[in-house]
Amino acid sequence: MIDETKLQTLVGSIIQDLGGAFSVPLVRIGEELGIYKALAEGGPLSSQGLADKTGLDERYLREWLSAQAASTYISYDGDTKRFSMTPEQAFVFANQEGPMYMPPAFATAAGFQGNRAVVQKAFQTGEGVAWGEQEGCLACAIARFFRPGYAHHLLQEWLPAMNGVVAKLQQGGSIADVGCGHGYATMILADAFPNATVRGVDFHEPSIATARGHAVEHGLTNLEYEVQSVESFRGQHDLITLFDFLHDLGDPAGAMRRIRESLRPGGAVMIVEPIAADDLAENLTPVNRLHYSASTMVCVPTSLAQDGRAALGAQAGEAQLREVVVEQGGFSTMRRIAETPFNYVFEAVA
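The sequence shown begins at -15 in this note's numbering and counts up by one.
In case anyone wonders, no lab produced these hints; they're calculated from the structure.
Zero decoy hints are in this set.
List time: in silico DSS-like cross-link candidates among lysine-lysine, alpha-carbon distance up to 27 angstroms:
no., residue 1, residue 2
1, K37, K21
2, K21, K65
3, K37, K65
Label pairs and their calculated CB-CB ranges:
no., residue 1, residue 2, range
4, E311, T181, 27 to 37 angstroms
5, R43, D175, 42 to 52 angstroms
6, P190, E245, 25 to 35 angstroms
7, E(-12), P270, 21 to 31 angstroms
8, V271, A145, 19 to 29 angstroms
9, D262, Q32, 52 to 62 angstroms
By construction, the Cβ of each residue, glycine as well, lies at the ideal position given by its N, Cα and C atoms.
I would like the entire structure built from these sequences, with the hints used as guidance.
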């Protein structure tokens, strides 16, 4: 027998999910056309007032505004017939430099949807989907999604929690970011430690091209990027970083062995991974739900496209990561030094 109360609860939950899914293109429109920014800076505004301010069509804006108000992403005053944004709404949707800027997450969700056909086929064949085969610029969306976390935590919390690393890098030293993507983290490091040399490596050539452009734009002369696979990674570095990258590798244990060999004496590795408990039953939360979904669409397919095919997934858990880094990778210790609502941060020492 169907329990009517449980049924209604489930349907209500699905409606909430569908509302979020239907909002994905609207949030992207709001970000890319600057609508959130205009409303945050100029509100309260009517739809016509916002049209005058942005030069956009009033009728489209009216419907967009109504949908966003129903989603509680913006606010509506029924008495004045005007729309506005609370400080909290503006912080999340209009402050691109803030730690909780969320529109890139919606762009990432759109990338997952665009990637559905190739991943669905992989379900049937068991083959992987290489990072370069992802639909559109999924790499762009993911890079922008991670950037606020790096900007607000890397220098302020994560690096100071490592033993002696900050002082060493202030004097000079060498940093390598393996799997650097579009290079946002490497630029933060290069800017903070001008006496150090910073090297970003990634096997995805379009990402490296984008990263090089960012470095030139910011005038960072102590930073260089290379197209290089983790299998060929070599060097002698004081700090090596892996930002949301280890679980994507086909042979993460082999990568950690090569990374250990590339550390100078006294060097250390920072590993940032999605937050996860070791037991699935403890991971059935809203944040872990996002991680499992992203892992299904990107992380597992990426790993399975590589020779090692470890497919750790984005929810490997601390115990499995320690197995890869210490028992298989040869590091003497791995300790958790920080965490955010989305990530664990570890320090590994040879």
